[in-house]
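With the hints as extra help, turn the sequences into a complete structure.
Residue numbers (this note's numbering), protein chains in the order written: chain B, 6 to 176; chain R, 2 to 204.
No lab work stands behind these hints: they were computed from the structure.
By construction, the Cβ of each residue, glycine as well, lies at the ideal position given by its N, Cα and C atoms.
Incorrect hints may have been included.
What the hints assert, rightly or not - Residues from chain R shown here face chain B by an in silico Cβ test under 7 Å; the list is partial:
1. Ser94
2. Ile109
3. Glu122
4. Ser125
5. Thr162
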Amino acid sequence: MNVFFTMIVPLIFILSFLYAKRKNVKIYDSFTSGVKNAFPLVLSIYPYLAAVSMLSVLFSESGLQDGLGTLLSPALRFLGIPEEIFPLLFVKPLSGSGATAVLSDILAKYGTDSYIARCACVAYGSSETIFYISAVYFASVKRKRLSLAAAIAVFSFLCSSVLACFLCTVL
Amino acid sequence: MNQLFFFVFLLSSILTLATAPETFLPALLSAANKSATVCVAILASYSVWMGLIQLWEDSGLASAFSKRLRPLATKLFKTENSEALTAVCMNLSVNLLGISGAATPYGIKAATLLDKTENAEYSSAMLFVLNATSLQLIPTSIIAIRTSLGSSAPTDIILPTLIATVFSTAIGAVLVRLFIPPKTAKSAQKIPFLKKIRGAGTQ
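The following block contains the structure:
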């Protein structure tokens with residue numbers, strides 16, 4: 006299984022290069038002109054990324070995140086989510102690297118094959134870092150409704166986390 | 002977003018001022034530092050993938066590949082703009098493969114193109130939610146973490162994760178449809194047209 010995953014990317018490159026060659030594309034010119042676009046793209050994302058990550062650090066440093074956590078935890082407990090994975094649920098939408106760190110902690114603490122660890126993995130995998138994605142998309146589109154869309158994404162993440170914890174008891 | 006940023010920032014700042022004012026600036030600097038590091042990392046990742054993406058574009062692979070997904074995307078995004086739909090299809094399919102380095106550039110391209118179409122408010126929200134709720138078929142990064150920590154069955158979370166992520170994506174899509182409904186431009190045009198025909202018939 007793992008061998009297969011590691012082979013996907015090189016295979017994609019090889020097949021793409023062969024296909025482009027057959028279509029008489031000037032491969033070096035085409036490839037470099039693509040790379041050239043990477044710089045302006047990252048530059049356009051940077052201000053939004055910086056602002057959002059400052060906000061999210063301040064949010065957790067100020068204790069607002071923990072406060073919100075204790076406020077929400079009765080509701081989460083009611084929905085059948087084990088208390089041990091609450092920190093993951095609060096970090097996941099805000100920070101990708103933070104969520105990976107919390108996930109590793111949970112796996113190390115409770116054992117990789119425990120119910121809690123599996124819940125955490127499934128909840129982690131069911132969503133992206135919503136605020137990172139929104140920073141990236143806000144950079145290119147100025148639409149009022151995107152805030153509402155971000156709220157929808159967070160709500161969907163919560164729903165799928167509830168489902169994740171349920172699925173782990175069954176599957 | 003402006004409101005949200007202002008209120009959360011202000012509230013957090015006041016709380017920090019009250020509890021530990023000395024952590025305020027270090028926290029902001031560490032966040033800025035982290036985002037700068039992230040930018041270097043994504044610049045590296047985009048350089049690799051955007052080179053490849055350009056090859057897909059120039060060889061016609063992108064448009065040939067996305068033709069298959071086109072009908073679904075047309076329905077979902079309520080637009081006929083072919084260039085935007087190609088970017089959308091590539092964004093979705095690369096997401097499915099789990100290559101986020103290539104998915105984001107396509108996502109941004111799709112967002113910019115969708116912004117110019119008639120249902121921009123709806124279609125950019127849909128694109129954002131589909132990307133934010135994750136579409137990955139195989140959660141490779143989690144499997145890697147589990148393997149490295151010595152799990153006996155690192156892949157047994159694939160099925161529940163797939164179900165959970167399909168569920169969250171579906172909920173997201175339905176909610177966008179409900180709360181940010183697309184303008185039914187065509188039906189609006191149709192009705193006066195029908196009235197005209199009916200009016201002509203009765204005369």
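Here's how the hints hold up against the structure:
1. Ser94: violated, 12 Å
2. Ile109: holds, 5 Å
3. Glu122: holds, 5 Å
4. Ser125: holds, 5 Å
5. Thr162: holds, 4 Å
Checked against the numbered hints given earlier, the structure breaks only hint 1 and satisfies all the rest.
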